[in-house]
Amino acid sequence: MRCGEFRTSYAADMAIFETPMATRLLAAFLGLLALVPIFSTTYWLDVANRIGIAIIGAVGLNILTGFTGQVSLGNAAFLAVGAYSTAAIGTRWDLPWLAIVPLSGLITAAVGMVFGVPSLRLKGLYLGLATLAAHFIVEFTAVHWEALTGGVRGISIPAARLFTLTFDSDRSLFYVIFPVMVALVFFAKNLFRTKVGKAFVAIRDQDISAEVMGVNVFKYKLISFAVSSFYVGVAGSLLAYQAHIISPENFPLTVGIDYLGMIIIGGLGSILGSILGAIFITLLPELLRLLSGAAAGTFPGLVQLLASIKMGVFGLAIVLFLIFEPDGLAARWHTIKNYWKLYPFSY
Amino acid sequence: MDFFVQLLINGIVIGSIYALVALGFVIIYKASSIVNFAQGELLMVGAYICLALTTDWRVPIVPAFLLTLVFAAALGVLLERLILRPMIGEPVISVIMVTLGLSSILRAIVQGIWGTDTKAFPSPFPSAPVMLGPVPVSQGYLWSVGCVAVLLVLFTFFFRNARAGIAMRATAFSQQVALSMGISVKRIFALSWSIAAVVSAIGGVLLASIRGGLDGSLAFLGLKAVPVAILGGLDSIQGAIVGGVMIGVLENLSGGYLDPMFGGGVKEVAPFVALVLILMIKPYGLFGKVRIERV
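Order-wise, the sequence lines are chains A and B. First residue of the first sequence? That's 1 in my numbering, and the numbers climb one at a time after it. First residue of the second sequence? That's 1 in my numbering, and the numbers climb one at a time after it.
If we strip away everything but chain A, and leave its shape as in the complex, we get (with noise of 0.2 angstroms):
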């Protein structure tokens, strides 16, 4: 079926759809995907969401800790920061979502930027820990500034909007959140055949080398914050729209782990690999809680204990990935292809 894949140029090289069978299998796959919202019950619903919600957040982690090489541990902030802004937009003008969700996400860019600044003089783990102190103070000036954010007690979001029509159940919202996040995927996957992306790269790969190429490593660092941090805000604005009321509760350091998670888990720098790891890290509890409701008949101990075990289960994965398949399910899924390819004449 992918035979016949000869690339003998560079644009075929960079091509994004290597086949038409791909491309329409692609069709078709999303194609499917629209339709899910007729077919599922509302709790899978829920789910399918936080999916692609997730997978923009890990898409946006990957530009910038996978792709360009700069470790965050403060996701959760940005997160915040673009569900703030669309709590503070929504409730004082009355726009619709196709606008409050990139000015989110543009509002997340420019804090983004901000804290992108150290990255100056910050380089791995130094980075790494003024992201970490970066969160802490989102998350005392989210629940301190109450004139805007609502402190503790939290602020309600008005259901997101588009011209006579409201997007206020999860089975409407799915119609907001995936549009979003397929655009977004293929902006991504864009961006790493432009000169941007490459500049992000050859600054992963090696900084000093990147810089004797011409390529202004401060100014690609703060593009990689920049963009990064508006995936992430874009994330956040939908989580807000799906949570209807939001608070500093909503977003602890674990959030940030969980994203980084997903990106080590699925692969760093691979834009399916964010896909499969949002996919794999947001499935995890809720198969562990159908195996534990399953389980309860013959161990009922088991349903106190899920919390722990999700914990467990979620650390042990991200371990056992490092240890055994560094490059994550992104590596995996193209190994199970490339022999699927030539089956059964695969050498």
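No wet-lab data here; the hints were simulated from the structure. It cannot be assumed that every hint is accurate.
[Unchecked claim] Ranges between beta-carbon positions, derived for each pair: (1) Val201(A) <-> Tyr257(B): 44 to 50 angstroms; (2) Ala307(A) <-> Val70(B): 28 to 34 angstroms; (3) Arg121(A) <-> Pro86(B): 30 to 36 angstroms; (4) Phe187(A) <-> Tyr257(B): 33 to 39 angstroms; (5) Arg85(B) <-> Trp333(A): 25 to 31 angstroms; (6) Val177(B) <-> Glu211(A): 50 to 56 angstroms; (7) Tyr257(B) <-> His334(A): 56 to 62 angstroms; (8) Phe192(A) <-> Arg163(B): 37 to 43 angstroms; (9) Phe186(A) <-> Asp117(B): 48 to 54 angstroms; (10) Arg211(B) <-> Phe186(A): 20 to 26 angstroms.
[As the list claims (entries may be wrong)] Here are the simulated lysine to aspartate or glutamate pairs, EDC-like style, with alpha carbons at most 20 angstroms apart: (11) Lys195(A) <-> Asp205(A); (12) Lys195(A) <-> Glu211(A); (13) Lys267(B) <-> Glu249(A); (14) Lys337(A) <-> Asp13(A); (15) Lys310(A) <-> Asp117(B); (16) Lys119(B) <-> Asp2(B); (17) Lys219(A) <-> Asp207(A); (18) Lys189(A) <-> Asp13(A); (19) Lys123(A) <-> Asp215(B); (20) Lys267(B) <-> Glu211(A); (21) Lys195(A) <-> Asp207(A); (22) Lys310(A) <-> Glu146(A); (23) Lys310(A) <-> Glu90(B); (24) Lys195(A) <-> Asp13(A); (25) Lys186(B) <-> Asp117(B).
[To be verified] Chain A is nowhere near these chain B residues, computed Cβ spacing over 12 angstroms in every case: (26) Ala52; (27) Val70; (28) Gln139; (29) Met280.
Just so you know, these numbers come straight off a predicted model, no measurement behind them. Every residue, glycine too, gets a C-beta built ideally from N, C-alpha and C.
Once you've looked at the hints, dock chain B against the given chain A.
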């Protein structure tokens, strides 16, 4: 003035605990360049082991404490061998993530065995406070200050005179040179993890007995080690001690004076504001080794 002195003394005694936590953090970083985000969990595991020994197994407190230290040393070696050793040579983000993963595994194990409720921790210290000038200070805090002082002297001698200590310094300086001089770098890594686990266990037991109770919130103290270690310099033992006391004092003073203005919570965020400022002005801290690099 009394208010200031009280805040200062409280800051110093709480800072001594931070110093203890940061000490383990720094020892691991010094030997193996790994930033251990599971430091708080090591603290917690140590305290829970001691609790289990004294309440479930009815071991008297002193032998229980010593057994805890033995267990912590074994745990440190085990973690290094199973989880950290495969990470040698991996990028920073992977190493950070593996310790974050480790922290959630340890937390899950502790919650699975002992649950999430706060447990009473038998305090070995008399409850009557000691008067330091005008300020009453509980005896547990004095013990922790004493412990930190003893450990500081001990580690200074260890790194200056003991064979293993010198080998650790050599490894920190250059792993390749250390290897070629016949030092087993693997054994040094294992040693640094077991020392860090033991120091954390001491800190955990002290903290639990000062608080009189033990629950999962103990682990969040591990994050306080980050600003402390950065302020002192990530690879400096004296730095950890000085940084711990300074962050403790800063936290108490800012909490005492600024809380009424902001309506609480300044105490928690102040160390991290300091962290950002230190990283901007003096990223290698007060006593850290400066790595010069031009980009």
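Structure-based check of all given hints:
{"no.": "1", "hint": "Val201(A) <-> Tyr257(B): 44 to 50 angstroms", "result": "holds (48 angstroms)"}
{"no.": "2", "hint": "Ala307(A) <-> Val70(B): 28 to 34 angstroms", "result": "holds (31 angstroms)"}
{"no.": "3", "hint": "Arg121(A) <-> Pro86(B): 30 to 36 angstroms", "result": "holds (32 angstroms)"}
{"no.": "4", "hint": "Phe187(A) <-> Tyr257(B): 33 to 39 angstroms", "result": "violated (48 angstroms)"}
{"no.": "5", "hint": "Arg85(B) <-> Trp333(A): 25 to 31 angstroms", "result": "holds (28 angstroms)"}
{"no.": "6", "hint": "Val177(B) <-> Glu211(A): 50 to 56 angstroms", "result": "violated (29 angstroms)"}
{"no.": "7", "hint": "Tyr257(B) <-> His334(A): 56 to 62 angstroms", "result": "holds (58 angstroms)"}
{"no.": "8", "hint": "Phe192(A) <-> Arg163(B): 37 to 43 angstroms", "result": "violated (52 angstroms)"}
{"no.": "9", "hint": "Phe186(A) <-> Asp117(B): 48 to 54 angstroms", "result": "holds (49 angstroms)"}
{"no.": "10", "hint": "Arg211(B) <-> Phe186(A): 20 to 26 angstroms", "result": "violated (53 angstroms)"}
{"no.": "11", "hint": "Lys195(A) <-> Asp205(A)", "result": "holds (15 angstroms)"}
{"no.": "12", "hint": "Lys195(A) <-> Glu211(A)", "result": "holds (14 angstroms)"}
{"no.": "13", "hint": "Lys267(B) <-> Glu249(A)", "result": "holds (19 angstroms)"}
{"no.": "14", "hint": "Lys337(A) <-> Asp13(A)", "result": "holds (18 angstroms)"}
{"no.": "15", "hint": "Lys310(A) <-> Asp117(B)", "result": "holds (18 angstroms)"}
{"no.": "16", "hint": "Lys119(B) <-> Asp2(B)", "result": "violated (35 angstroms)"}
{"no.": "17", "hint": "Lys219(A) <-> Asp207(A)", "result": "holds (12 angstroms)"}
{"no.": "18", "hint": "Lys189(A) <-> Asp13(A)", "result": "holds (14 angstroms)"}
{"no.": "19", "hint": "Lys123(A) <-> Asp215(B)", "result": "violated (35 angstroms)"}
{"no.": "20", "hint": "Lys267(B) <-> Glu211(A)", "result": "violated (41 angstroms)"}
{"no.": "21", "hint": "Lys195(A) <-> Asp207(A)", "result": "holds (16 angstroms)"}
{"no.": "22", "hint": "Lys310(A) <-> Glu146(A)", "result": "violated (33 angstroms)"}
{"no.": "23", "hint": "Lys310(A) <-> Glu90(B)", "result": "violated (26 angstroms)"}
{"no.": "24", "hint": "Lys195(A) <-> Asp13(A)", "result": "holds (16 angstroms)"}
{"no.": "25", "hint": "Lys186(B) <-> Asp117(B)", "result": "violated (39 angstroms)"}
{"no.": "26", "hint": "Ala52", "result": "holds (17 angstroms)"}
{"no.": "27", "hint": "Val70", "result": "holds (25 angstroms)"}
{"no.": "28", "hint": "Gln139", "result": "holds (32 angstroms)"}
{"no.": "29", "hint": "Met280", "result": "violated (6 angstroms)"}
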